[in-house]
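**Q** My request is simple: use the sequences and hints to build the entire structure.
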Amino acid sequence: MDATLQTEPAVFPAFQFAGQWRAYQARVLGELESHLDDARLNIVAAPGAGKTVLGLEVLRRLGRPTLILSPTRAIRDQWVMRLRELFEPEAAVWPPGLGIDVAAPGWLTSTTYQSLHTTLRGLLDGDTGGEEGDAEDEQDEIDDEESADSARLAGEALLEILERAGIETLVLDEAHHLRRAWWESLQEVIGYLKARRPDFHIVSLTATPPYDVEQEEWDRYAEVCGPVDAEISIPELVKQGDLCPHQDFLHFSVAQGEPIDSLEAFAREADALAWEWAHDETLLTWITAFAWFVEPEKFEPEILAKPAVFCGLLAIMKLNGREIPEIAPAILGISEPEIPEPRAQVLEALFQEILNGDGQFDCGPLTERLRRELQSIGALWRGRVRLRKQQQLVRALAGTAGKLDSIEAIAKAELAALGDRLRLVVLTDFIRSSALSRPADRSSDTLGAGPVLRRLGQAGLAPALRPALMTGSWVVIPDDVIPAFRSEAAKQGLSEAALTLKPLQHVPGWSKVDASAGKAALRLRVITHLFEEGHLRCLVGTAALLGEGWDAPSINSLILATSVKSFMLSNQMRGRAIRVSKKDPDKVAAIWHLATILPPFTTLATSQSSLWEALNFTRQENAAQGRLDRDPFSLGQDAWAVFRRFKTFAGVSHSELPVIESGIARLGIATARWNEQTASDWNRTMAARAADRPHVARAWASVFLGSSGIERPATGAVLPQPQGHKGIVQFGSSWLLVGLIGLVIQILAYSLHFLEVGLKTWLVIVGAALLLACAYHGGAIMRSIRAGSPLRYMAEIGRCLLDGLSVADILDTPRKSLDVRVEEESVLGQKFCRLAGGLHHDEVAFADAMVVFFAPIENPRHILVRHHRSGWLKQTDYHAVPDVISANEFALAKLKRAWERRIGPCEIINTRTRDGRLHLLRARLLSYSAGYRRDAERKLRWE
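Every letter in the sequence shown is one number past the one before it in the numbering used here, and letter 224, counting from 1, is 224.
Source of the hints: derived by calculation from the structure; they are not laboratory data. Errors might be hidden in some of the hints.
Stated by the list, open to error - DSS-like, lysine-lysine: derived pairs with alpha carbons at most 30 Å apart:
#  : residue 1 : residue 2
1  : K512      : K502
2  : K491      : K582
3  : K306      : K318
4  : K583      : K491
5  : K412      : K583
6  : K412      : K502
7  : K389      : K318
8  : K519      : K582
9  : K519      : K491
10 : K583      : K519
**A** What follows is the structure in structure tokens.
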């Protein structure tokens, strides 16, 4: 049928699933109705969970004409293939209307995001390939008015075609792949169909949601896809046998070499310059007369807006022994002894204000002298003060040659453990082919596919490993594998004429394999087959080629030699290794992560702490500086990238009683003081653990055996040790004691008959007064009982937020069926807080609310202010009210009432008012100085 003549919506046919649902698929389908109340369904399913067939079943149940959008043509075609393979039509044959042309939609149309975008915008070739990143630049800009009119008419025509086809369900497959222009086109289509189809539904499916992107990008994703309703996690697939047991391991190296030496020299020069200026008499005289310092209480809003600048002023005054107004450090939420030394990171913000030379920060001649001295050490870039060369350090740590040593050590250890069974893949960010064309140049001795292959050869590992290099443009294989390569190429239809093998002139024993145009995919298929069969036992390649979509089930060891820290990309790479292998049914995979730490006890290492960490150092006397599972910043950005990478990975812990949880703490790396020896010790420990593959398999099995009744992991929040419960206990206990004293007095008055009548009356009155006072404060006494311990106190806070979420209509489960559970974490008094009795969507909503409440305050609409006592000292704490509660006045009121009933007095302040803005600035500062930085995060656990 010509789509332009179509007047009646397509009829969605009846069909049934021909197979049997896996347990985790059945769980998600059983919860389906509760998730569709907002006409959106967002499912996260780990690779291998069968999200396509799950999506088709959802479409069958909705029973409406559907448009499916995918990031690539391969995935687009997979939807149609899976429907034909796994579902049976009621009419015995599939009716017309099942296709891939977005301009001629039927009852089910599977297309690509690119095809939708180009057709909607009237661009050339509505389906130019559909594969993000492999097509030519799109003609997104219209040059003339006639073309603009043509594009507009084409867009209007497509929207009318979709509406006439009756499209009421839109499927978004891996929507995080979208370019910005594609998002705009998608939102236009959604807006048009929503306005004309009241029962319009959006179904979102992904294996890798963008959990760790910037807030703006996450808001864009959530606005279209909605909150995550259900999640099928990797542990569930391991339990079902659809993924193999596996463990993550870390290999450490200590940064060294010319780039690190250069950055260390700069860090010393920056500290020396800061120290020199901190003693400068002219600057000291200017600070002494500075208005912020003379009358700090009058300038509190300005100080709170630029706290780092004020901290620099205080640091200089303290160093020189000058008198500091008592209120000055209190504005920053610290005491005078907690004012840090004037190191480079402490004075950086102050120097920037002086250089700006605006208004009250105009220092006259000092400004130009400071500018010259900063320029002399290279600390001024485009007018900005840079006393810490963070970007250069990140690059130096990511590509350090020490990681080549790590890869060599891992390869030797895995070869010793697995022998001929080893199937090792090393993924890098760059090719760096110069390492193969000029192997003698030490400048090429940095991280990349070429240097890795060269190092494996130099280490004498080539005969046993038979490594090959596989990138988009470079393919290098060992010469002794060439016969097997030619044989398999012929079987795959890759003729001799399409291949060119050139021996590498400077690296004997290897040859470069070139393929004619259009044959690169076949070449990759041949290399993959040789790897699967064991002719090659190691592949070194780039994440761009092998990180997503490529499949080699035999991989049992993966080295992520990349700087990628995002969950989405690293999860895709990690997924290459954890697939089950029919050839190796007992496969246990090892995923190796590389971390280069800064040399300990150097200026470069100490300069990595932020101003807030410097302020907080004395406050956290028990905090282990440099613990990888707690505060890895002092170990450098590379360690921080690995720490962040682990936050959303769930795996089995290395502990006496294993649990399955996310986060790097599960590896049990508790070292606080790092040096080359401790790094070496941990490398040996990791190698020994990796060699014991059966132990890893037993650990997974023991968790599943002990949790056989649990269908899925629990999602909760890891939170800092809560403050304030002692004050509740002190207050409540005090009034309980008063009541007990009153009771004792009453008993004495009635039992001691020899007392005079007047004295007895007086005792009765006093005892009654004390009992009445106790009764009057009965709420405080009950709160001290309910929230008297850190665990109970955290649970009460969680119940307050839970009350607010229920009124805000965020939860799918009735409030009466829900409760809060809090358990001790192993790390520095942290707590694991989770929702009990709810669906996955409820757990995630509650965990996110708790994380927002305890995390550093950014820019919430409302903040909750509470006053309590720590000993005899009054303390004020600020918490951000989660947006989902803040947007509902009834939920806000419910939160306040619940807090006053369970915890005690509080205020909820609107930060969009003038007074509220001042509270927000103060809250933002105090939440940092109170030690809540990076302590709150979502976590998955199964035990």
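**Q** None of the hints should be skipped; say for each whether it holds.
**A** Each hint tested on the structure:
1. K512 - K502: OK: K512 and K502 at ~5 Å, within 30 Å.
2. K491 - K582: Given that 30 Å is the threshold and the Cα spacing comes to 22 Å, the pair holds.
3. K306 - K318: The hint holds at about 19 Å.
4. K583 - K491: With a Cα-Cα distance of about 21 Å, the restraint between K583 and K491 holds, given a limit of 30 Å.
5. K412 - K583: 23 Å, holds
6. K412 - K502: 29 Å, holds
7. K389 - K318: Cα-Cα ~27 Å, so holds.
8. K519 - K582: 28 Å, holds
9. K519 - K491: 14 Å, holds
10. K583 - K519: Roughly 28 Å between the alpha carbons, so the hint for K583 and K519 holds.
Against the hints set out earlier in the document, no violation occurs for any number.
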